[in-house]
Amino acid sequence: MDLNPQLPDDLAVFAVDALETDELKAFDARLDGIESGGVDELEAWREVLGGLAAITAEEPPVGLRERMLDAALAKRVIGAPMGEVEDIPANEAYRRTIAALGELLVDLGPAEWDAPTIEGWTVKGLVTHLVAVEEYFGRQLGLWPLEVDEALEADHLGMTREFVAAWSERPAAEVLARWQELTSAITSHLAGLDRAAGRQPFHFHFLDTSLSTVLITRVFEVWTHDEDIRRATGRAASAPDAARLRRMSRIAVPSIPLGLAMAGAPAPGRTARIVLTGQGGGTWDQALGWGETAGVPDATVVLDVVDYCRLAARRLEPAAIAVSVEGDEVLARQILAGAGVFSA
Amino acid sequence: MTTTVVAMSTPATGQPDADSTLVARIVAGDDRALGLVYDRYGSLVYGLARRVTSSTAAAEEITQEVFVQFWEHADRFDATKGSLRAFLGAITHRRSVDWVRSEARRREREARTSQDAATGTVATVVDITTELGAQDTAARVRAAVETLPLEQREAVVLAYFGGLTFREVAARLGLPEGTAKSRLRLALGKLSAVLSAQGVTSWT
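Listed in order, the protein sequences are those of chains A and B.
Here the numbering used here is used: the first residue of the first sequence is 618, the next is one more, and so on.
Here the numbering used here is used: the first residue of the second sequence is 214, the next is one more, and so on.
A few of these clues could be false.
To be verified - Covered stretches of chain A (in silico footprint by chain B; criterion: 3 or more residues with CB under 8 Å from a CB of chain B, positions within the stretch not fixed):
# : stretch
1 : 627 to 634
2 : 698 to 708
3 : 896 to 907
None of these hints come from the bench; they were simulated from the model.
C-beta: ideal position from N, C-alpha, C; glycine also.
Construct the entire structure; sequences and hints are all you get.
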């Protein structure tokens, strides 16, 4: 008998799996062709059947839960998120972030350059700050000489204030042109580096770490200011793509012990499971004491990966974020309160 | 395990995670969320599999397969298309009927069906309507099932809980195949209407 997905009687038979196995497979393959009314009906019937299934609910045997979890973890380990997310090197993450800001800056109208934003700056002042940072970054990369006040080098903002003041009367077009010139030179240089170069030691302000880590820190910084400008000019927020979010979350979560220490709430000997949902997120069992190995989590903290990055950049307050917590709620609150280690 | 869902400035509400949150956690690689989904729906999956297969061993195997598959492919769940209960129920039912329709089991089932037919019982129907649980959802569904005319109730129970094909349902009830199909559709339509009228569009 030829079964037709367009016929309600046949669709009902399919909904309850009342077909032979080969017929069910053939029906599955033809489902894309059914009309929207049929789709709605099928979904409604499946809800009914889900309810019918509840009628026969029965406690599973003891031990099945553990066996199931063991079998599941043999297929996919804890922390491995689903979905294909491009694995990009740090220099590519930086390039994409610079490119996104570049597109935004050329789109700004003359009045928008004067819009007020963070630190008492206008948008032009903020971009001038970025010019000063790129001047310093290029110097650290060995691209050009630059005289640096050693007393201010560890102060990211303080180091640029004099430059921003000195450039305050220059037209926005000149600020933009300088930013484009610097970032073009830097991204060209970085494009020639391989992943091994990214692992080399690098000094940037108070950070003595790898070039890759500095680059992802700068992705946080540039993206955060991109959103500052969008906010100042009435534009919608713009999250990084999943590949960059994955790189960002990979350095943000291990920074939690630093955040706790900076917030005056160190938590040696304790562990948190951090679950960042959405594309680019993942799951981490993070030891909260420096250099410690993660144990059984005392708290599980679940939040959206983009929200977490905005929290880390201090552009969102914990109170503004939907978070779910299992376990030690006080510890979870301390983690969130100390998350802002990438403020720009 | 209870979960607190909070904006962190507000008092804890102590509400469990929504299914959608648990699914997002599983997609992010959180095995604890898989355990919570099992705690929430394991009895539904196991009970349905055991009812359809009449086998404890098969029900354990199917239950494990359903949740392991969900761990691997939770991103296939689309909350806009229905509840997690319906999603897991559909996967469980399909696996269960696949199990009973394998050739070796088919022979066993046919022998059992012939025996039932000879004694004139429709045991499955009677069992289902008397063993309904005390949970709210089950109670609502039981009430809805009881509104069905007997001939529709027999058809849907034999097909869904008995794992019979519509042809087997027709043979069992002495009906033309087309009539068996129509009774299934009418039963689903009426159940859907009754439950919607109660304001129940999904059970989460």
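What are the numbers of the hints the structure violates, in ascending order? Result: no hint breaks.
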